[in-house]
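Visitor: Protein chains in written order, with this note's numbering: chain R, 1 to 216; chain C, 217 to 773.
There are no misleading hints in this set.
Here are the in silico distance ranges between beta carbons for each label pair: (1) Glu489(C) to Met184(R): 23 to 31 Å; (2) Gly175(R) to Val539(C): 44 to 52 Å; (3) Ala615(C) to Ala142(R): 57 to 65 Å; (4) His558(C) to Ala142(R): 44 to 52 Å; (5) Asn396(C) to Asp140(R): 45 to 53 Å; (6) Ala142(R) to Gln423(C): 42 to 50 Å; (7) Arg488(C) to Lys162(R): 32 to 40 Å; (8) Ala232(C) to Phe5(R): 54 to 62 Å; (9) Met447(C) to Lys43(R): 37 to 45 Å; (10) Glu489(C) to Lys162(R): 28 to 36 Å; (11) Met447(C) to Asp140(R): 26 to 34 Å; (12) Gly474(C) to Met184(R): 39 to 47 Å; (13) Gly175(R) to Glu754(C): 46 to 54 Å.
None of these hints come from the bench; they were simulated from the model. Where a beta carbon is used, it is the ideal one built from N, C-alpha and C, also for glycine.
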Amino acid sequence: MRLRFDEELNNLNREMILMGSMCEDAINTAIRALIKGDPDGHKKASAIVTEISHKEREIEDMCLKLLMQQQPVASDLRTISSALKMVSDLERIGDQSDDIAEIVSMQNVSDADDKFEILDLGQAASRMVTGAVDAFVKRDEAAAREVIKEDDTVDDYFDKIKKELAKSIQTDEAGLEKTLDLLMISKYFERIGDHAVNIAQWVIFSITGVLEGNTK
Amino acid sequence: MTKQIFKHMQILITVALLVAFAAMLGILYSYFGVVQEGQVKAEARLAAQGVEAEGVTYLERLDLDTTRVTLVAANGQVIYDSEADASSLENHISRPEVKEALEDGEGMSTRFSGTLLKAFVYCAERLPDGTVLRIAEPRDTAINIAAGMIPFVLMLLIILMVCMWFAARHVARRITQPLNQLDLDHPMENDEYEEISPLLKRIYVQQKQIADEKGRLVRIERDFTAVTQHMAEGLILLDEEGRVLNMNNKAGKLLNAGDVYIGTDILALERREKFREILAGALNDGEHGETVLPYDRLSYQVDVTPVLDGKKVIGTVVLLFDVTERETAEQMRREFTANVSHELKTPLHTISGCAEMLESGGVKPEDQKKFVHLIYTQVQRMITLVQDILYISHLDEGAVDMSCSRIDMCLIADKVIESLSPEAAKKHVSISLDSDGEVIYYGVPRLTESIIFNLIDNAIKYNKEGGKVHVSIRAGSDTITLQVADNGIGIPQDDQDRIFERFYRVDKSRSREIGGTGLGLAIVKHAAMLQNAQIRLESRLGQGSTFTVIFQEKSPE
Numbered sequence: 001m002r003l004r005f006d007e008e009l010n011n012l013n014r015e016m017i018l019m020g021s022m023c024e025d026a027i028n029t030a031i032r033a034l035i036k037g038d039p040d041g042h043k044k045a046s047a048i049v050t051e052i053s054h055k056e057r058e059i060e061d062m063c064l065k066l067l068m069q070q071q072p073v074a075s076d077l078r079t080i081s082s083a084l085k086m087v088s089d090l091e092r093i094g095d096q097s098d099d100i101a102e103i104v105s106m107q108n109v110s111d112a113d114d115k116f117e118i119l120d121l122g123q124a125a126s127r128m129v130t131g132a133v134d135a136f137v138k139r140d141e142a143a144a145r146e147v148i149k150e151d152d153t154v155d156d157y158f159d160k161i162k163k164e165l166a167k168s169i170q171t172d173e174a175g176l177e178k179t180l181d182l183l184m185i186s187k188y189f190e191r192i193g194d195h196a197v198n199i200a201q202w203v204i205f206s207i208t209g210v211l212e213g214n215t216k
Numbered sequence: 217m218t219k220q221i222f223k224h225m226q227i228l229i230t231v232a233l234l235v236a237f238a239a240m241l242g243i244l245y246s247y248f249g250v251v252q253e254g255q256v257k258a259e260a261r262l263a264a265q266g267v268e269a270e271g272v273t274y275l276e277r278l279d280l281d282t283t284r285v286t287l288v289a290a291n292g293q294v295i296y297d298s299e300a301d302a303s304s305l306e307n308h309i310s311r312p313e314v315k316e317a318l319e320d321g322e323g324m325s326t327r328f329s330g331t332l333l334k335a336f337v338y339c340a341e342r343l344p345d346g347t348v349l350r351i352a353e354p355r356d357t358a359i360n361i362a363a364g365m366i367p368f369v370l371m372l373l374i375i376l377m378v379c380m381w382f383a384a385r386h387v388a389r390r391i392t393q394p395l396n397q398l399d400l401d402h403p404m405e406n407d408e409y410e411e412i413s414p415l416l417k418r419i420y421v422q423q424k425q426i427a428d429e430k431g432r433l434v435r436i437e438r439d440f441t442a443v444t445q446h447m448a449e450g451l452i453l454l455d456e457e458g459r460v461l462n463m464n465n466k467a468g469k470l471l472n473a474g475d476v477y478i479g480t481d482i483l484a485l486e487r488r489e490k491f492r493e494i495l496a497g498a499l500n501d502g503e504h505g506e507t508v509l510p511y512d513r514l515s516y517q518v519d520v521t522p523v524l525d526g527k528k529v530i531g532t533v534v535l536l537f538d539v540t541e542r543e544t545a546e547q548m549r550r551e552f553t554a555n556v557s558h559e560l561k562t563p564l565h566t567i568s569g570c571a572e573m574l575e576s577g578g579v580k581p582e583d584q585k586k587f588v589h590l591i592y593t594q595v596q597r598m599i600t601l602v603q604d605i606l607y608i609s610h611l612d613e614g615a616v617d618m619s620c621s622r623i624d625m626c627l628i629a630d631k632v633i634e635s636l637s638p639e640a641a642k643k644h645v646s647i648s649l650d651s652d653g654e655v656i657y658y659g660v661p662r663l664t665e666s667i668i669f670n671l672i673d674n675a676i677k678y679n680k681e682g683g684k685v686h687v688s689i690r691a692g693s694d695t696i697t698l699q700v701a702d703n704g705i706g707i708p709q710d711d712q713d714r715i716f717e718r719f720y721r722v723d724k725s726r727s728r729e730i731g732g733t734g735l736g737l738a739i740v741k742h743a744a745m746l747q748n749a750q751i752r753l754e755s756r757l758g759q760g761s762t763f764t765v766i767f768q769e770k771s772p773e
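Next up, chain R with everything else stripped away, as it sits in the complex (with noise of 0.2 Å):
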């Protein structure tokens, strides 16, 4: 009975790492399409966010189906419950990333020469989802902890680039929409690494089964 469960929880562990690794894709996707303002990135990102749906959609029926049957205790259920939770951050990951990359598709942000920051954002935001999902595989606490702590990075990105952002519209040095659109990526990503974070604090729980931190 034990080791049926156990396989299914392996089974559940294999799934979660193939969804974080979908999300990776999808936001590396949407850095790469940024960088080249190249509009094909939407697709492919779309496809993989199908996917990524497709799997949270699975790994919540899993995790229901070993709840019910196995009705797990102590450090099972912390692993099952913040798997439930993890998916909802994955799935927001994935759907903000295309996001970004749909923004780019629309093309007025692909001759921005300001972009370098936004790429900086979105690296560090990328850098974070990997973080975490790296912290998840590993069942790493400190690896989480550092997560949680980069946060503040991606978040003074984001600080400097909407000053700047507010700054070029008084001046209007650029079209207004192209601001607004590097306004929306750059918000984009600091979700991602909000989400990121909300991961890295459901690995610490699955951990220590505390759960630090109002998650965002």
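Based on the hints, put chain C in the right spot on chain R.
Guide: Coordinates of chain C only, in the frame set by chain R:
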């Protein structure tokens, strides 16, 4: 053990007790029979004497308990009976004891009385008057005797059981203690029980077999580990679910696996998209897959091969090997081709443009010469480029004549300076040669010449107007040092590593203006390498560059 022994003892004792009980019962029964017969006989005699003296009245006075007294006349007629009415009783002449008494004076018999439903011992005495006096005593039955004995027997049994429990425990301990103390590591050294020596022998043989087999497995594993752990390639074995069965050091390092990796899902260690795809292909469809993934700064080819049992995938072998060199070479080849095409295309455009204008007659006659000259210079440029490309590909293929001969480096430098003097004059660059007269080097003339030519050529090209080039050739104890120094534009620090690459230009925007093919330093590098010479570069932006080539002096063979 105790329980087993106790059980067996219990059975044994119970059976023994029962047998003893039955035997005793038999003995007691017959003993009591004899005793009772004697008693009855004595009673009969006493009563006979009483009846003889007093007649039937004696009998009537007797206080009888269980004893029955009967007086029978010589013809068998019952005269008196202590328990029944004499007249109601049948004739007793046929009773064995009466018959016997009438014949012999005394008779004994034991019978079951139908009247009283009991066994009786009868004893008859013939009186002098011919009548027969019979005494009957109820016989003690075996059941009676047994009933009397049972409580004692039961008590005995209980006491025995308790004793037996302790005894069994003791015995069990006595038996098992030596067994527990058997030295099973050296089974043949025990001589406590002869009975278990076959078992010990068996253990000994099996232990030896196990040890041999274990030794063999350890050896195999050690060999396997030695081979796999020292492989330059990373090797990972996965089960059918994609969990790690084993991996070697190299793979562990590449995947950052840490110490505990057996049983880990491989996706926990490597989850990049390309890898996931080929892994899924191998695990689900049994297809071989390969891809190239970067690890740190190196490129690794990842081969995923399913292990099939029939059509079922029972595992996967993942092999990682370094293809950085191949990838870099491939990239260089690609870049080279792109660069060559680009470099060839540019002059062709100019030529084609000029030729088109000339053909259409859109050029004034006085300008025609200018256009033709342009075509001529561009064609010259292309020729140089093609020559350089051919030369460098010859160097690449090792198709250059490598026969060494005696070369005077100063003479070559002189010739080169002379041939380049028109260029130098155009830029007002002065060239000075500083040498010890004749410096002899045994080397490949063409390679040496191309080194000197390209270095001086560059020193002129990348110089400032009115700059200086200083060439010095010095013979050391076993080396010859060629130095070409200029006070030209210099090379930025970041580019210094790359200027020997083919078509690499520090300032791409000015390359056209300066001319040159972008292959000069690549040729220098190659030519120096083929002659085992070393190149050093010192340069500061805006202050000039100094190229130093150190040739190892070779003796003429």
